[in-house]
Amino acid sequence: MTAPATHHDVPASLRLTWLDKTAIVTLVVALGLAFLTPPEATQGNVARLFYLHLPTILVAYAAFATTLIGVVAYLATKDLKWDQLAGAAAEVGVVFTGFTIIVGMIWAKPTWGVYWTWSARLTLTAVMFFAYLGYLALRRAVDDPVVRAKRSSLLGILLIGLIPIVHFSVIWWRDIHQGGTILRPDEMQIDGILATALLAGFVAWSFTGAALIRRSWKLARLEGELDQRLRAGDGRVAGDAVDTPALDGSKDASS
Amino acid sequence: MGWIVTEPTLSSQALTIAGRDIQRERRRGEVLWVILPFGAIAMLLIPFGIGIDTPMLRRIGPGLFWVVVLLFGVLVTVRRTAADTDTEQALMLRLGVDPVAELLGRSAASVAMLIGFQLVVGAVTIALYDVDIARWPVLIALVPLVAIGLGLLGTIAGGISGSSGGANLVPFLVAPLAIPLLLAATQSMDGSTPTGGILGWLLLIVVVDIVLAVIGVLTARPLQEIR
Chain A
0 MTAPATHHDV PASLRLTWLD KTAIVTLVVA LGLAFLTPPE ATQGNVARLF YLHLPTILVA
60 YAAFATTLIG VVAYLATKDL KWDQLAGAAA EVGVVFTGFT IIVGMIWAKP TWGVYWTWSA
120 RLTLTAVMFF AYLGYLALRR AVDDPVVRAK RSSLLGILLI GLIPIVHFSV IWWRDIHQGG
180 TILRPDEMQI DGILATALLA GFVAWSFTGA ALIRRSWKLA RLEGELDQRL RAGDGRVAGD
240 AVDTPALDGS KDASS
Chain B
0 MGWIVTEPTL SSQALTIAGR DIQRERRRGE VLWVILPFGA IAMLLIPFGI GIDTPMLRRI
60 GPGLFWVVVL LFGVLVTVRR TAADTDTEQA LMLRLGVDPV AELLGRSAAS VAMLIGFQLV
120 VGAVTIALYD VDIARWPVLI ALVPLVAIGL GLLGTIAGGI SGSSGGANLV PFLVAPLAIP
180 LLLAATQSMD GSTPTGGILG WLLLIVVVDI VLAVIGVLTA RPLQEIR
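Protein chains in written order, with numbering that gives the first Met the number 0: chain A, 0 to 254; chain B, 0 to 226.
Bear in mind the hints are in silico, worked out from the structure with no lab data behind them.
There is no bait here: all hints are sound.
Footprint (simulated), chain A over chain B, 3 or more residues, beta carbon under 8 Å:
1. 147-161
2. 171-185
3. 218-225
Negatives, chain A to chain B, calculated, CB over 12 Å:
4. 31
5. 43
6. 193
7. 226
8. 230
Ideal Cβ placement from N, Cα and C applies to all residues, glycine included.
Work out the full structure: start from the sequences and follow the hints.
Below, the structure written as structure tokens:
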């Protein structure tokens, strides 16, 4: 018999893993570097937002690529855990894309004079945000996990085409948004301490994205198991910790 | 003497399904009596929100027309008359109806209705906004091309979202992906766009239509399996 949990015990789901700890440490370092670097020559201090803006969109791309990996793995194996990975990664990708847009808008107001302008990059990023939000809405709209996995897999494959269009839009169309800084056909457009701060930001947000995907994936798998047990008619979803309420005065209705 | 039974071709299956969808619409009149008047009312109400200034309305009328076509046109593709009951779906499966023919037939019916929708709402726009349609030859190409793109997009999205409860999702899935159609249509009608530019925008819609048709054909069978 296991000892009853007290309020001092930290539930396993809340314990920090090495990935969580690495994400926190690298984030602190990256944010410190972002503030310690000298101001950018032309934009001044507002350019520090760049150390958030660029890494988060690259991590969002990576999260959406992970969605594609999950989709392909699901279609190849029919194992629902890969579909759950696809959904978890899409959630994190949407959050990071939204964060990128908000940070970009805060940067744009003092730089361009407006929060939003109808440039190809901005508009397409918003389109990508809403398209993946639609992917998440589709997942919520279907109850059956297998049907959900199949339907969302098709959409997940179709949506991945948006990423290269969004990223290379600044090269393909004349745009007020600055061109690529790192992922560009020719050489990088940043060097020195600024590049170090940017690299630290990319590392930190990558760990953060990975940690969030891992947690979201675990949550999705637990939800899947719960759903499976509920469908199988097992009412004791809380294990031994909670008894099923008894309607007839007996101790446990399930016993 | 025995009967000679020939298997219906893909095109004949698609035409039969398109005819059935149009027949259903003729009986129920969902597009004609609900969605079409709704689109026309939208064109009537917008000036009250942004100011009744005829020169300004003349300038923005074409853009508003395409926005209404995009947003209300999606409703044409998700009309109730386009949804099969479970019995009808089972019957189609037993009859061996090709899923590609089903997609093409459904899309063709939606395209026909979308063309009608655009013509009526277009006439309302010209009347209410005093729009000058000096570029009417461009419209002759634009109306069917946009209808094909929107019809295919709506049909594919309808298949992915599923008929039971997922229909509400279709406008949300379609709207962001229909932006190339909206952009190309508005730019083609913009008086400042040079003739060469118009051809470029029309070509973009043709490419989008072809890509959607390929996606539709590739996803038709998997979508039939999960229905």
